[in-house]
Amino acid sequence: GAVVSQHPSWVICKSGTSVKIECRSLDFQATTMFWYRQFPKQSLMLMATSNEGSKATYEQGVEKDKFLINHASLTLSTLTVTSAHPEDSSFYICSARVFSGIDLNTGELFFGEGSRLTVL
Amino acid sequence: GNSVTQMEGPVTLSEEAFLTINCTYTATGYPSLFWYVQYPGEGLQLLLKATKADDKGSNKGFEATYRKETTSFHLEKGSVQVSDSAVYFCALSYQGGKLIFGQGTELSVKP
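Quick note, the sequences are listed as chains R and Y, same order.
When you line the first sequence up against my numbering, it's residues 12 to 131, in that order.
When you line the second sequence up against my numbering, it's residues 25 to 135, in that order.
Because the hints were derived from the structure by calculation, they are not lab data.
Below 30 Å or equal to it, Euclidean Cα-Cα: the simulated DSBU-like pairs (lysine-lysine) are:
| hint | chain 1 | residue 1 | chain 2 | residue 2 |
| --- | --- | --- | --- | --- |
| 1 | R | Lys25 | R | Lys52 |
| 2 | R | Lys66 | R | Lys77 |
| 3 | R | Lys52 | Y | Lys134 |
| 4 | Y | Lys92 | R | Lys52 |
| 5 | Y | Lys84 | R | Lys52 |
| 6 | R | Lys52 | Y | Lys101 |
| 7 | R | Lys31 | R | Lys75 |
| 8 | R | Lys77 | R | Lys25 |
| 9 | R | Lys52 | R | Lys75 |
| 10 | Y | Lys76 | Y | Lys101 |
| 11 | Y | Lys80 | Y | Lys92 |
| 12 | R | Lys25 | R | Lys66 |
| 13 | R | Lys52 | Y | Lys80 |
| 14 | R | Lys31 | R | Lys52 |
Some chain Y residues near chain R, calculated using beta-carbon distances under 8 Å:
| hint | residue |
| --- | --- |
| 15 | Glu66 |
| 16 | Gly67 |
| 17 | Leu68 |
| 18 | Phe113 |
| 19 | Lys122 |
| 20 | Leu123 |
| 21 | Phe125 |
| 22 | Gln127 |
Beta-carbon label-pair distances, calculated as ranges:
| hint | chain 1 | residue 1 | chain 2 | residue 2 | range |
| --- | --- | --- | --- | --- | --- |
| 23 | Y | Asp79 | R | Ser84 | 32 to 38 Å |
| 24 | Y | Thr52 | R | Ser29 | 35 to 41 Å |
| 25 | Y | Thr29 | R | Gly72 | 19 to 25 Å |
| 26 | R | Gly27 | Y | Lys80 | 49 to 55 Å |
| 27 | R | His96 | Y | Asp78 | 44 to 50 Å |
No residue lacks a Cβ here, since even glycine has one placed at the ideal position from N, Cα and C.
Can you build the whole structure from these sequences, using the hints too?
Structure, rendered in structure tokens:
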């Protein structure tokens, strides 16, 4: 299947610094990527939809100035956690969709391995 | 709105036992339904999916049937193995590929 890679897989930073997480589709072009956040022992929560060449669409309650998303090319989306605080510590996961037909809801999603952020 | 509810874990079974993980959903329209699996230390992988009512998704001995009348998509496997130990997530797709996940069910299979 298609491969989506995230980097770094884990990062530790000091409070107040910014951290960038990359999501790459390695063998296909992804016009749309999604960013999720997973808290320990909890489910994944959609943060935003990243669209190549345009601004990201954020879910309700997600601070767009805190979580900057850039989708500069068809194979790369980045999530930057700005001025990180301990409450931003989480597991961040990206996914990219490969179209399998007209129905956008059936295109298969491939997930990155996730990036664990710890803010001290 | 859309939502997914899974049975709470952890679920602990002996090898070769029968597995059922319940999943129910609420949705407007006709979403596609998915089961994803997350093995320890790894990312999410698609296990199976169903795109319309009465469809049965199956993979690696797991199966789930899209039941519109009961708004359910229960995951079953006839005989689990130790290697099936993982966290299983039920999900539905809406608005062009966004997913809503259930809370996840941790499965632990003992030899």
